[in-house]
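Following the hints, position chain B against chain A.
Protein chains: 2
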Amino acid sequence: MADGSALPRNEVGINAALGILKQQFGERFQTGASIREQHGHTTTWIDNQPPDAVVFAHSTQEVSDIVKVCAAHRVPVIPFGTGTSLEGHVNAPAGGISVDVSQMDKVLEVNAGDLDCRVQPGVTRMALNEHLRDQGLFFPIDPGANASIGGMAATRASGTNAVRYGTMKDNVLSVEAVMANGEIIRTASRARKTSAGYDLTRLMVGSEGTLGLITEITLRLQGIPEAISAASCSFPTMEAACETVMAVIQYGLPVARIELLDALVVKAVNNYSKLTLSETPLLLLEFHGSEAGVVEQAETFGEIAGEFDGTGYAATTSTEERSKLWQARHDAYWAMLALRPGCKAVATDVCVPISRLAEAVTRSNDKATELDLIAPIVGHAGDGNFHASLLIDMGDAAEVARAAEFVSWLNDMAIELGGTCTGEHGIGQGKRPYLRKELGGAVDVMGAIKRALDPDDIMNPGKILPS
Amino acid sequence: MADGSALPRNEVGINAALGILKQQFGERFQTGASIREQHGHTTTWIDNQPPDAVVFAHSTQEVSDIVKVCAAHRVPVIPFGTGTSLEGHVNAPAGGISVDVSQMDKVLEVNAGDLDCRVQPGVTRMALNEHLRDQGLFFPIDPGANASIGGMAATRASGTNAVRYGTMKDNVLSVEAVMANGEIIRTASRARKTSAGYDLTRLMVGSEGTLGLITEITLRLQGIPEAISAASCSFPTMEAACETVMAVIQYGLPVARIELLDALVVKAVNNYSKLTLSETPLLLLEFHGSEAGVVEQAETFGEIAGEFDGTGYAATTSTEERSKLWQARHDAYWAMLALRPGCKAVATDVCVPISRLAEAVTRSNDKATELDLIAPIVGHAGDGNFHASLLIDMGDAAEVARAAEFVSWLNDMAIELGGTCTGEHGIGQGKRPYLRKELGGAVDVMGAIKRALDPDDIMNPGKILPS
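Top to bottom, those sequences are chains A and B.
Last residue of the first sequence: 467 in my numbering, with the numbers rising by one and none dropped.
Last residue of the second sequence: 467 in my numbering, with the numbers rising by one and none dropped.
Each hint should be verified, as a subset may be incorrect.
Chain copies aren't distinguished; within one or between two, either way the pair holds.
Derived lysine to aspartate or glutamate pairs resembling EDC-like cross-links, with alpha carbons at most 20 angstroms apart [said to hold, decoys possible]: (1) K437 <-> E405; (2) K437 <-> E183; (3) K367 <-> E239; (4) K344 <-> E183; (5) K274 <-> E37; (6) K106 <-> E279; (7) K68 <-> D444; (8) K22 <-> E11; (9) K367 <-> D412; (10) K344 <-> D331.
Hints in this document: simulated from the structure, not taken from any laboratory.
All of these numbers come straight from a predicted model, not from anything done at the bench.
Excised from the complex, chain A in its bound form (with noise of 0.2 angstroms):
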């Protein structure tokens, strides 16, 4: 399914490696069924592909330890954080050694005067903010999962705060990587900004471990909110719900979060939380700044939704309101899946310049009604990136054909949009297909970095390029 074929296997290399490394490792070294399954894991519909071996490492040195014996055996090394990536990113198409860096997971410093801070890529983005909250600090990426720094910075992950805080890329100042032939570098400076030299921090972040594994992350952070406002509104049409986006967006309004559920999604969150809420298209939003800043961001934002007869408007400063307004948001997930018992999500992820969005949303919407599939539809509206979300019995063979359409169709329409078959969840194993058709020639600018950084490919193979 998808482009998750196995590859070739080095077999006299996997064996030697493995038990080079099983002797350094001892109990951190591990080769059960189980285990290694766990690390193939993949959310999407691509079948697991488990590594021989997954070895925990500790430190950066034995990253490089790990690398140099691949190395040396041209064996694959497969970075894995926490297994929240969606496309396949951690499976083992040629076999190899996963790299579990969950116990890599100190916050090693803070800088509170200079809003930065250096973590190693175990740390997970709910980690890290228990742990700078006691000093009124906070790092704003949140892709939903409680994901990995380093996971996170791979796939240059985003979510719903990205239209006012930006992505991964925005928000990681260097980074530590273990190359391909196990040498240690460090991307940049701690400058907030810098010239010197190509930007191998941008590279690395978003190569998914196919160009080197990422041993130590240094972010940006902000200052937690004087006030923090949530607010809802309905609205009659997707059209009307994202010409709202579009005005906000040009007034310069300074959301945080901007977020968009289409009717099927309120009401399958309705039917699992429990809510009354208006069960047509809704904006769900959040206002950071001063006292006085929220309640005028506040109002702004209503004045512009009445101008596309938004309805039934709700601001509220109260924390708890604030979380109760987004539970709808975060119980989506499990909303829609109960919309359908027994079924799979199939997540898809285009992002489109925001004066496209009413119409590929609305177009998808009724691609998904011509091939007869329930794909509710959840959005970061003010990024222009959007997730249709097919659910699928996956017993039906015809079904998931038709879903296969579906994602294929909706990738394509993205791309003729002038927009992206990936805002945020990467390429990996699933979207390969549609990487030349989004950026032509360009692919084989990446083809050439990769094969001059990692010659023997050893480093996540079968991930991002076209094979």
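Below, chain B alone, put in the same frame as chain A:
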């Protein structure tokens, strides 16, 4: 001087390419001494190294044609926009062809609904903002000079607005570029965010023409703020001014500009522009937002500044008064030159974590005194980036040597404090000796990328990478 030594010339190839390009480009192919010297122009103390010819390109296809001729004959290609770079970027140490893109100056499209536009590389930032004004939009990056957008992208420029709006890396959505083999690529779609493969956009931004020649740029735009207010505040010491900046950043106050001038610069500006500012360290500020928002920001700043003995604080929303306030900053370069008529100003560009800014500027002042040099300081303080401009009598060899010692010392100090030798000017020829000090083995990764994408080293050779 610095690292601008001549490189071996491929005379046979150069002669062959000159013959072909003369044929192809007629009057747009120029070899006069003065035009060649102007295209090797550098505002540093690095010697002028003129190209063998200048070709004025009118289209991406023409740029590709030129590069293909040069690739076939292994002849250097040096991009040229407005010639305002500061580290010998447009010099031709191995000879070759200067590709002047200043006549590729069209704004190709403006998508107001998406807050983006697509421009040719020769469009200057002022021309772009002139073009955008009627639509209520602006492009925020302001490096001071009226640089070309292509050059700003190639050097990862920033300037006074970066503290709020980021640098070129944050404001370029994608580029079209001609690579070393003449192939034309586009690095990304027009979506506001993407996880589609390696971030070639950020790789090209800041690559200084050494990987490819940028022929189109898609930029993020901003709505012109509803209100703009400006302010100035004097401080008893540089430490107090820097501590104020740090507190402002930690507070999360969204200042659009926060510029630092030391006492010597203020004195120079008073003399030059007939102002009566207190001749002590000065912060100049700009606030962007709603009418109420800028008032609130200005008040908050005033409170913070008060805690650090700021005096003479005044904020204004009058356009006229704002222009007058900012005149001090805009005149700073000329005012500094007037401190010592006949001298040359040699720019430096270090950037340190903000918590080290006070220490860095203080040590910089002390070192200048110790070396008997005049080195007034202006800084983009919100980013920790400052320029000590050495006023040098280029005819005094001993003074030039002391200046070189200062520059070397300053770059080393910035690196030692966790910063960079270049916040925004780039490496060019002048800073090549410092890149490995700053980034160690990461420079080998840059070298591998360079060799993979430009195996014959024809794209702006002798820049960025150490020999």
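Now the hints, each set against the structure:
Proximity of K437 to E405 under the C-alpha cut-off of 20 angstroms is restricted to the intra-copy arrangement: shortest distance 16 angstroms within a copy versus 53 angstroms between copies. Taking the shortest Cα distances, K437 and E183 sit within 20 angstroms of each other only across copies (17 angstroms), while inside one copy they are farther apart (34 angstroms). For a Cα distance limit of 20 angstroms, the shortest separation of K367 from E239 inside one copy, 16 angstroms, qualifies, whereas the shortest one across copies, 62 angstroms, does not. Taking the shortest Cα distances, K344 and E183 never come within 20 angstroms of each other, neither inside one copy (41 angstroms) nor across copies (43 angstroms).
Within a single copy, K274 and E37 get their C-alpha atoms no closer than 36 angstroms, and across copies no closer than 75 angstroms, so neither meets the 20 angstroms cut-off. Taking CA atoms no more than 20 angstroms apart as the test, K106 paired with E279 passes in neither setting, with 44 angstroms inside one copy and 47 angstroms between copies. In this assembly of identical chains, K68 and D444 lie within 20 angstroms of each other by CA distance solely across copies; the values are 18 angstroms between and 27 angstroms within a copy. For a Cα distance limit of 20 angstroms, the shortest separation of K22 from E11 inside one copy, 16 angstroms, qualifies, whereas the shortest one across copies, 58 angstroms, does not.
Taking identical chains as interchangeable, the C-alpha atoms of K367 and D412 lie at most 20 angstroms apart only when both belong to the same chain, with a minimum of 13 angstroms there against 60 angstroms between chains. Proximity of K344 and D331 under a CA criterion of 20 angstroms is satisfied intra-copy only: 16 angstroms inside one chain copy versus 64 angstroms between copies.
Hint compliance for this structure: hints 4, 5, 6 are broken, all remaining hints hold.
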